[in-house]
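Protein sequences, first through last, are from chains A and B. The numbering of the first sequence is the numbering used here, which starts it at 1 and goes up by one. The numbering of the second sequence is the numbering used here, which starts it at 80 and goes up by one.
To be clear, the hints were calculated from the coordinates, so they are not data collected in a lab. Glycine included, each C-beta is placed from N, C-alpha and C at the ideal position. Warning: the hint list may mix true and false statements.
[Claimed, not checked] Calculated cross-link-like contacts (lysine-lysine; reagent style DSSO-like; alpha-carbon spacing at most 27 Å):
1) A/K4 - B/K197
2) A/K7 - B/K197
3) A/K60 - A/K4
4) B/K310 - B/K292
5) B/K197 - B/K292
6) A/K60 - B/K197
7) A/K60 - A/K7
8) A/K7 - B/K292
[As the list claims (entries may be wrong)] If you anchor each label on the Cβ, the simulated ranges turn out as follows:
9) B/S85 - A/T28: 34 to 40 Å
10) B/D145 - A/K4: 40 to 46 Å
11) A/P17 - B/S206: 21 to 27 Å
12) A/P17 - B/K310: 31 to 37 Å
[To be verified] Far from chain B by the CB rule (all over 12 Å, computed), these chain A residues:
13) D5
14) T21
15) A48
16) E50
17) Q51
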Amino acid sequence: MRAKDYKVLESEMAGWPVRITSYRIGGTWHAKADNVSPGATIATSRAATEQAALEAVMGKARARLAATRRFPASAEGRK
Amino acid sequence: MAEYRSPEVLVETSWVSAHAAEPGVRVVEVDVDTRSYDEGHVPGAIGWSWDTQLCDPVRRDIIPKDAFEGLMAASGIANDTTVVLYGDNNNWFAAWAFWQLKIYGHADVRIMNGGRSKWLAEGRELSADRPEPAPTSYAASGPDLSLRAFLSEVSDGVESDAIDLVDVRSPAEFSGEILAPPGLPETCQRGGHIPGARNIPWVEACAADGTFKSADDLREIYANAGISGSKPIVAYCRIGERSSHSWFVLKYLIGFDGVTNYDGSWTEWGNLVGAPVERGA
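Input sequences plus hints: build the corresponding full structure.
Have a look at this one:
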């Protein structure tokens, strides 16, 4: 078996750049979202269709990114 | 164009495709997302989990020597085996594994250039089979702690200006704008960086397809940031895996001497009571 229809697209969610990678292995579509910088995987999904895999991964990624707190440069970094 | 200092530590996907099944070669996938291996992997490759097999499961530390010997033996790796590592996220944890294999003295370790994503993008063959290699007997050396930096060495080096610190996290983590990569849990109490560190994100070493940039490009990136090799270099990130990627670049591709990975990284320094912290770019 091989990965087919390998695609990478870049988007923005909750104010953060996101990269979505999708591909099909056999009958399963896989999708992964990373945060571009630093490139860490923040969500994955697998589904029977490309659209379902993408919708699932984007939903998870959006929720996780929305929870990321920003600290102004003048603050002392205290939680 | 200049060659990498140690070109033998890097193999292309085509090389792996041609040699993975040879006796004496063991391909190992090490991913950030430990489920990736199960989707399909390089035929014949075994999978290691960074968070259970490449660390001490009780205290925060790298894998203990006896556990390392057990892992290698169970993986069918002998002392003279060529180990080829690859993984997702541009080989983050493949580099983490590479660093530990070198700490314990394995002679022939290589990284597959471009990692898992390049293998997938090229449409190369995948397997779902889990190989069951015949166990070997394995004797590690070391640990070679000249490859690893501890808190006290970093702290002393900062105070005496005796080291060049390279923070390989993203600019937003370096500045203190965020406490962890976007979308990941916060794992430190303070944001910012170790005083005096230069911010050279790990990803600057990679081309768009995840392969490493040329030796000339890599030297230029670090030279432009003031890293010349005139002092010992300490790389750090959040937990030590991204910095093992940069450690690999600095030591094996550029060829600086005296490069160490501070795996305590920001999750140690940024949680220390009383440690000095700089914020901003």
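Now for the hints, and whether the structure bears them out:
Under the criterion of a C-alpha separation no larger than 27 Å, the hint pairing A/K4 with B/K197 is consistent with the structure, at around 13 Å. The hinted pair formed by A/K7 and B/K197 meets the criterion: a straight-line CA distance of about 12 Å does not exceed 27 Å. About 24 Å separates the Cα atoms of A/K60 and A/K4, which keeps this hinted pair within 27 Å; it holds. Only pairs whose Cα atoms come within 27 Å are accepted, and B/K310 paired with B/K292 is accepted, the gap being roughly 24 Å.
Only pairs whose Cα atoms come within 27 Å are accepted, and B/K197 paired with B/K292 is accepted, the gap being roughly 14 Å. Between A/K60 and B/K197 the CA atoms are separated by roughly 25 Å; this keeps the pair inside 27 Å, and the hint holds. As the CA atoms of A/K60 and A/K7 are separated by approximately 19 Å, the hinted pair is consistent with the 27 Å bound. About 22 Å separates the Cα atoms of A/K7 and B/K292, which keeps this hinted pair within 27 Å; it holds.
Look at B/S85 against A/T28: about 39 Å separates their beta carbons, and that is inside 34 to 40 Å. A C-beta distance of roughly 43 Å is found between B/D145 and A/K4, which places it inside the suggested range of 40 to 46 Å. Remark: the range hint 21 to 27 Å for A/P17 to B/S206 is contradicted by a beta-carbon distance near 34 Å. A hinted range of 31 to 37 Å for the beta carbons of A/P17 and B/K310 is consistent with their spacing of about 34 Å.
For A/D5, the non-interface assignment is contradicted: its Cβ lies about 10 Å from the closest Cβ of chain B, within the 12 Å cut-off. Distance check for A/T21 against chain B: the nearest CB is about 7 Å away, which does not clear 12 Å, and the non-interface claim fails. Look at A/A48: its CB is around 15 Å from the nearest CB on chain B, clear of 12 Å, so calling it non-interface holds up. For A/E50, the shortest C-beta to C-beta distance to chain B comes to about 15 Å, beyond the 12 Å cut-off, and the non-interface label holds.
Residue placement check: A/Q51 keeps its beta carbon more than 12 Å from all beta carbons of chain B (closest about 19 Å).
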